[in-house]
Amino acid sequence: MPKSPRPDDIVRVESNVYSVSGSNTNWVIVKDGDSCTLVDTGYPGDREALLGSLAALGLGPRDVTAVLVTHAHNDHIGAAEHLRAGYDVPVLMHHEEVPHARRDFLDQVTVGQVLAQAWRPGVLPWAVHALRAGGTTHVPVCEPQAFPAPGALDLPGAPVPVHTPGHTKGHCAYHLPESGILITGDALVTTHPTSRISGPQLLPDMFHTDRARALESLTVLENLDAGLLLPGHGPVHHGSAKQAAATAREHAAR
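The numbering used here numbers the first residue of the sequence shown as 38 and each following residue consecutively.
Don't read these hints as lab results, they were simulated from the structure.
We treat Cβ as the ideally placed atom computed from N, Cα and C, and that holds for glycine.
It is possible that some hints are incorrect.
Taking lysine to any residue and the SDA-like style, the derived pairs with C-alpha atoms no more than 20 Å apart in a straight line are [stated by the list, open to error]:
1) K206 x E180
2) K206 x D144
3) K206 x T256
4) K279 x R250
Now the in silico label distances, taken between C-beta atoms and shown as ranges [what the hints assert, rightly or not]:
5) G70 x A155: 43 to 49 Å
6) G97 x A249: 39 to 45 Å
7) H166 x V50: 23 to 29 Å
8) A289 x S72: 25 to 31 Å
9) L94 x H275: 18 to 24 Å
10) C179 x E287: 38 to 44 Å
11) S235 x V50: 40 to 46 Å
12) L161 x G97: 35 to 41 Å
13) A186 x Y124: 22 to 28 Å
14) V50 x A283: 31 to 37 Å
15) D191 x L161: 40 to 46 Å
Hey, can you work out the whole structure from these sequences and the hints?
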């Protein structure tokens, strides 16, 4: 049976949009009747919690119309292949993220990079947690798909992919224009166990493939009409994308 999530793990941010907290990472469920779009899937160790969050909303894995991937790090695609292989759920992402999801290469922080930062507050506890949750498990998506066309996707919520490279080459945020919601993934977060600040911010430098491009992508986010931000890490942020990006940029300059 799917693990039942705690009541406060599922936050209803709009009539049909839910942000769910897993083990130090979030996923988003956009519901439309008896179907949904799922954005990200948490760590491999979050699989039962993910299925439990669907069940809490009256949904099952066969009701997932598609999984949208912000980026193919283990803490965001942990259950993607399970849904694809077991329930024929398509897994969609930016075309530059497709080979990463297949694990033609792995572009995420290495154990060596983490150990080099182990002296920083929060890094070692986070690393131990990440290992236990499956952060180094081999979890390729065997048949990832690029978005079929530019613009809004024909899925529940009509999400619009927004290419925000830097964290990875093919990182995408997802804009829900009708509800003013922006799912930011790891292009902008609000907390992280390895960060000493709270509020809109970039992840610490070791997590980015290209920090300069991550900074540039804040400009992309700030030009979107959104007043509610759902990050890959940390609580929901109530406030404009423009102001959140400005705050993240200020933190990054310190």
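Each hint, compared with the structure:
1. K206 x E180: holds, 19 Å
2. K206 x D144: At roughly 9 Å apart (the allowed maximum being 20 Å), D144 and K206 satisfy the hint.
3. K206 x T256: Since the Cα atoms of K206 and T256 sit roughly 16 Å apart, the hinted pair holds (cutoff 20 Å).
4. K279 x R250: holds, 17 Å
5. G70 x A155: 43 to 49 Å: At roughly 48 Å between Cβ atoms, A155 and G70 fall inside 43 to 49 Å, so the hint holds.
6. G97 x A249: 39 to 45 Å: Given about 43 Å between the Cβ atoms, the range holds.
7. H166 x V50: 23 to 29 Å: Since the Cβ atoms of H166 and V50 sit about 25 Å apart, the hinted range of 23 to 29 Å holds.
8. A289 x S72: 25 to 31 Å: Violated: the Cβ-Cβ distance is about 38 Å, outside 25 to 31 Å.
9. L94 x H275: 18 to 24 Å: Because 22 Å falls inside the window, the suggested range holds.
10. C179 x E287: 38 to 44 Å: Cβ of C179 to Cβ of E287: about 42 Å, so the range 38 to 44 Å holds.
11. S235 x V50: 40 to 46 Å: violated, 18 Å
12. L161 x G97: 35 to 41 Å: holds, 38 Å
13. A186 x Y124: 22 to 28 Å: holds, 24 Å
14. V50 x A283: 31 to 37 Å: The hint (31 to 37 Å, Cβ to Cβ) is violated, given that V50 and A283 are roughly 22 Å apart.
15. D191 x L161: 40 to 46 Å: holds, 45 Å
Of the numbered hints given earlier, the model fails hints 8, 11 and 14; all others are met.
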